[in-house]
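From just these sequences and the hints, can you work out the full model?
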Amino acid sequence: MISRLKGTDDILPPDSRRWRALFRAFYRLSELYGYDLALLPVIEATELFSRGVGEATEVVEKQMYTFEDRGGRSVTLRPELTAGMVRAFVEAGALGTMKLAAEGPMFRYEQPQKGRRRQFYQVDFEYLGEASPDADVEVIELSHRFLEEVGVEGITLKVNSIGDSADRLAYRLILQEFLRSREADLSPEARRRIDSNPLRVLDSKADVEAVADAPVPIDHLGEAARAHFGAVCAGLDAVGIPYEVEGRLVRGLDYYNRTVFELFSSSFEAAQSALGGGGRYDPLAGLIGSKKEVPAVGVALGCDRIVEAMPDPGGRRLDLFVAVVDADRRDEARRWLGQLRSAGLRVEWDPVPGRSLRGQFKSADRSGAGAVAIVGDEWSEGEVTVKRFGTGEGERLQIEEVASWLLGR
RNA sequence: GUGACCGUAGCUCAGGCGGUUAGAGCGCCAGGUUGUGGCCCUGGAGGUCGGGGGUUCAAGUCCCCUCGGUCACCCCA
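Letter by letter, the first sequence follows residues 1 to 409 in this note's numbering.
For the record, the hints were derived by calculation from the structure and aren't laboratory data. Yeah, the Cβ is synthetic: ideal placement off N, Cα and C, and Gly gets one too. Treat the hints loosely; a few may be bogus.
Computed cross-link-like contacts, BS3-like style, restricted to lysine-lysine with a CA-CA straight-line distance of at most 30 Å [stated by the list, open to error]:
1. Lys205 <-> Lys158
2. Lys6 <-> Lys114
3. Lys205 <-> Lys62
4. Lys114 <-> Lys62
5. Lys362 <-> Lys387
6. Lys292 <-> Lys362
7. Lys158 <-> Lys62
8. Lys205 <-> Lys114
9. Lys62 <-> Lys6
10. Lys6 <-> Lys205
What follows is a list of derived Cβ distance ranges for each label pair [as the list claims (entries may be wrong)]:
11. Ala238 <-> Ser290: 44 to 52 Å
12. Pro13 <-> Glu209: 41 to 49 Å
13. Lys6 <-> Arg355: 37 to 45 Å
14. Tyr65 <-> Leu318: 35 to 43 Å
15. Thr66 <-> Arg355: 50 to 58 Å
16. Pro41 <-> Lys291: 17 to 25 Å
17. Pro351 <-> Ser3: 22 to 30 Å
18. Tyr65 <-> Ser3: 15 to 23 Å
19. Pro13 <-> Val208: 35 to 43 Å
20. Ser404 <-> Glu91: 51 to 59 Å
21. Ala170 <-> Thr97: 49 to 57 Å
See below:
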């Protein structure tokens, strides 16, 4: 028997009930906030990520599913969504702003553990072409709202600003000098990063003590970035979303500037506790070769982890199960099923003709239906016998009355 | 990439110091009961004991390798 690949999952009931609730909330909120749907390729040119996400990042260095296709091109299964979203926006020749929502699988080649799979799912909101800090606030508010909406408990938000490119260049030198002065206390990995990616050292768990008093980007912001961050914080205050400013929050991808943020839930003690994160990424379009500048801000939320923190949506999966006593009446019953479904009722029946009524009741009970309707002799008088599970005896109803009887309470 | 623990039926697990035909509960199917589900009773299907190699008269049990799972490191969603 051939089985699943390592780090991949089959998401089936009952777990998939929570996934369905999650995607419902995603589609509902996208519409409420005016984010249109984007469906993008799962496979992209490798360069999109090596240039966009950054050559020296963990993701690009060792986590990508990269291979040569039959035409000899180097292609990669997307490890994240943002680079593709910007690519699509620029490639469409889009002018002005565009608000896009996307969802789907991402791929990273890693050792699986709790909250970390090789194929995982994200929902994603991107506010493209907008430089205003109000876009940052909206994206953060929407992320927070989404987590609340699906029932995640104990949400916390951390925000930071890593400044503009020029700010970071200057800050980078200051940080590198600090790190060299502490080189003896740093982990080997951190030492390697002093030159390649010094900011990453700030949130390395192995080096928390060594960098406790390190200079942080937020104290070295330029005028524009400082004003921008002030406006973002003021906006969050105005909508009443609590947050912490975390100076050592830097995120793992190279394309960010100014605002960065991450969302957590208190229901996770474990290592993989970030449910989502994002930020502003004005430089990204340039990194992937766009002549046009695209200021933008976005967020990605990890569905697998969110689902872990979600309560079961509960409720029944069916409204009615139709039991047919006499197989001769199945075609009439079949038409009736169609009518009930058109009325918005969730209805099933037994796929095998001629099973005993007792057998059909057993199926009905297991199907999760709230009630049964018996199509029997009374059908010829335009009636069926209906019965709710868990309560008393059945009653006879006119066929037309059944829908309102079900919806009645 | 590193480390720890774990792989026996669909699921949860039992199998004493290596010994005869590998078991239980739940679930599933059928029947008891062809106009009434749950409870009960009877019967049934379902196993390369993760895979490969080795030791042995004999391996689910001991040894080695490998694959997979879980968790942690690392990193991130």
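Each hint, compared with the structure:
The hinted pair formed by lysine 205 and lysine 158 meets the criterion: a straight-line CA distance of about 17 Å does not exceed 30 Å. About 13 Å separates the Cα atoms of lysine 6 and lysine 114, which keeps this hinted pair within 30 Å; it holds. Between lysine 205 and lysine 62 the CA atoms are separated by roughly 19 Å; this keeps the pair inside 30 Å, and the hint holds. With a C-alpha separation of about 20 Å, the suggested pairing of lysine 114 with lysine 62 holds against the 30 Å cut-off.
Between the alpha carbons of lysine 362 and lysine 387 the distance comes to roughly 14 Å, so the proposed pair stays at or under 30 Å and holds. Straight-line distance between C-alpha atoms of lysine 292 and lysine 362 comes to about 64 Å, which puts the hinted pair past the 30 Å bound. At roughly 27 Å between alpha-carbon atoms, lysine 158 and lysine 62 fall within 30 Å of each other, so this suggested pair holds. Distance check on the hinted pair: lysine 205 and lysine 114 sit about 18 Å apart at the alpha-carbon level, within 30 Å; holds.
Taken as a hint, the lysine 62 and lysine 6 pair is honoured in the structure, with Cα atoms around 17 Å apart against an allowance of 30 Å. The straight-line distance between the Cα atoms of lysine 6 and lysine 205 is roughly 27 Å, inside the 30 Å bound, and the hint therefore holds. Look at alanine 238 against serine 290: about 33 Å separates their beta carbons, and that is not inside 44 to 52 Å. For proline 13 and glutamate 209, the hinted distance range of 41 to 49 Å is satisfied, since their beta carbons lie about 47 Å from each other.
Remark: the range hint 37 to 45 Å for lysine 6 to arginine 355 is upheld by a beta-carbon distance near 42 Å. The beta-carbon spacing between tyrosine 65 and leucine 318, approximately 39 Å, falls within the hinted interval of 35 to 43 Å. Between threonine 66 and arginine 355 the CB atoms are about 53 Å apart, so this pair conforms to the stated range of 50 to 58 Å. In this structure, proline 41 and lysine 291 meet the distance hint of 17 to 25 Å, their C-beta atoms being roughly 23 Å apart.
Against the hinted window of 22 to 30 Å, the Cβ-Cβ separation of proline 351 and serine 3 comes to about 28 Å, which satisfies the hint. Our hint of 15 to 23 Å for tyrosine 65 and serine 3 holds, since their Cβ atoms are close to 19 Å apart. Distance hint check for proline 13 and valine 208: the Cβ-Cβ separation is about 42 Å, which falls inside the suggested range of 35 to 43 Å. At roughly 52 Å, the beta carbons of serine 404 and glutamate 91 sit within the given window of 51 to 59 Å.
Range check, alanine 170 to threonine 97: about 30 Å between beta-carbon atoms, so the 49 to 57 Å window is missed.
The structure does not agree with the numbered hints 6, 11, 21 stated previously, though it agrees with the rest.
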